[in-house]
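Trainee: With chain A held as given, fit chain B onto it using these hints.
So the sequence lines, in the order shown, correspond to chains A and B. Heads up: the first sequence begins at 1 in this note's numbering, then just goes up one per residue. Heads up: the second sequence begins at 1 in this note's numbering, then just goes up one per residue.
Derived from the structure by calculation, the hints contain no laboratory data. No false leads were slipped in.
Straight-line C-alpha distance at most 25 angstroms; calculated SDA-like pairs for lysine to any residue: (1) A:K102 / A:A5; (2) B:K336 / B:A310; (3) A:K83 / A:L112; (4) A:K129 / B:G383; (5) B:K376 / A:P39; (6) A:K104 / B:G27; (7) A:K129 / B:Q385; (8) B:K376 / B:R110; (9) A:K104 / A:M6; (10) A:K129 / B:H132; (11) A:K129 / B:G351; (12) B:K412 / A:D7; (13) B:K412 / A:A119; (14) B:K376 / A:P125; (15) A:K102 / A:K129; (16) A:K139 / A:T46; (17) A:K19 / B:Q385; (18) B:K412 / A:Q123.
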Amino acid sequence: MNTAAMDALYQEIILDHYKHPHGAGLREPFEAEVHHVNPTCGDEVTLRVHLDGETVSDVSYDAQGCSISQASTSVLNDLIIGKSVTEGMTVLDSFTELMQGKGKVEPDEDVLEDGIAFAGVAQFPARIKCALLGWMAWKDAVSQALVTTNTSTTDSATTGDPA
Amino acid sequence: MTVVEGTAYDVARIRGDFPILGRRLPGDLPLVYLDSANTSQKPLQVIEAIDDHYRLHNANVARAMHHLGAEASAAFELGRDKVAAFINAPGRDEVVYTKNASEALNLVARVLGDAGRVGDGDEIVITEMEHHSNIVPWQQLAQRSGASLRWFGVTDEGRLDLDDIDQLITERTKVVSLTWVSNMLGTINPVETVIAKAHSVGALVVIDASQAVPQFPVDVAALGADFVAFTGHKVVGPTGIGVLWGRYDLLAELPPFLGGGEMIETVTMQGSTYAPPPARFEAGTPPIAQSVGLGAAVDYLSAIGMENVAAHEQAITAYALGAMQEIDGLTIVGPKEAVMRGGAVSFTLDGVHPHDVSQLLDSRGIAVRAGHHCAKPAHLRFGVQATTRASFYLYTTEQEIDALVEALHFTKKYFA
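Isolated chain A, as found in the complex (with noise of 0.2 angstroms):
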């Protein structure tokens, strides 16, 4: 039984936030919407970004998947909104050099708070792309939000790319 392996995966964390998502759902207003997928397992999820000036003010998202891309795209909620978009993309590197790190790399909880739960995803090859499904989406509405404002006069923003 390797019962030790899987609680390091499924840690206390992961599973609450599994049950219990922050800030799911999705809202108004917002500059950018995305729907990415995971082609091998068919996780889903339609994230939407609301930037005021430079500041995150809101991250919504409707997510279909397992635990692991519940948890993570919840703890992205925590994790992001309020911050500026420079703050948020340095947790997003931060979160994508524990994923890709093959469990050498010591995480910072300073950054990353409830992220460094999964450390121990970074075990498991077959589910890094789950931990990161709701941070490339993240990544992409940021992207194509920022395109929207700065050529945008206005601020009525409420077309997204529902790709």
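Mentor: Just chain B now, with coordinates in the frame of chain A:
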């Protein structure tokens, strides 16, 4: 030792032929391999045939005029003879090698389009329970040709809905392509009914037999379809080889698929003429060692007897369906009784996502598949995004099903 009642079927002896079934996983766990619908494991007889080929007989086929070339060519073509006999093909030249079943289905869709047999205003009929490999090539053909794609639905029980067969298959229908056994639902379809109806309107019938050929005796001559596709790696053979069986007169009329070496009659700077089937459809160096391996695989299955394999599959599936349905919160997606049903059982477990089910089972040495199983429309039909699938084969034991059931209880508790 497990012996299926009424037969001399000896699972323990069969398992002894499969080295991988004896291996241990991290934590010294015995492997419980319940993912045979994905790919089957390989017996020593197959492994050794491939090993022997590479050690002693390796050369390219047809074009090498030396001793090894003759041996390799003979071994390669012997594999084709064995496959032809295994599916009771009227002729060995009706067996076209591809790299897998997907390529076989793509080949048919492509050349039927190129031959102008499907055009603007025509209809192609498939079903909602197809694997993506029997959906996408037809969508592509419809796009290229201007034909439209129509679908058989699936009943709540997971059976093919034949109620509107007379509206679906009409004089506009040029091709009907369907799976014999669903890789997700496990359903065995009444393909004879569909073939008869399709032929009555002059349509061609393509059967995806990827899950059928591994599980029960298949006789393409008796079946009466026009094309039958399957893959080597699901019939205890190697990866990298698929089979397209086609009626010879039909194959002989169709244009080539890929261009290259060995598919030509002659090539000039002005143009080329093409070899007869099957070479016409086999451009380039073919899967030589794979043909040797596939020949050994069908020999292995024939020695056991496909009717015995089918009986074991039936018995183990009935056992699994019974045991799994006693788990609270577990819902089987597909027929719930082992009647007209293959050995793939897809299910959901309340409150636990299939990936998480599969991960927990893996932590106990149990290999299953989780996800959409390349059958997204079928999942959508049952309102689920993903399922967990346990699939059984000639080497699966009741003890392995018991281990699955016990691990599913553990999974429920873990996520409770």
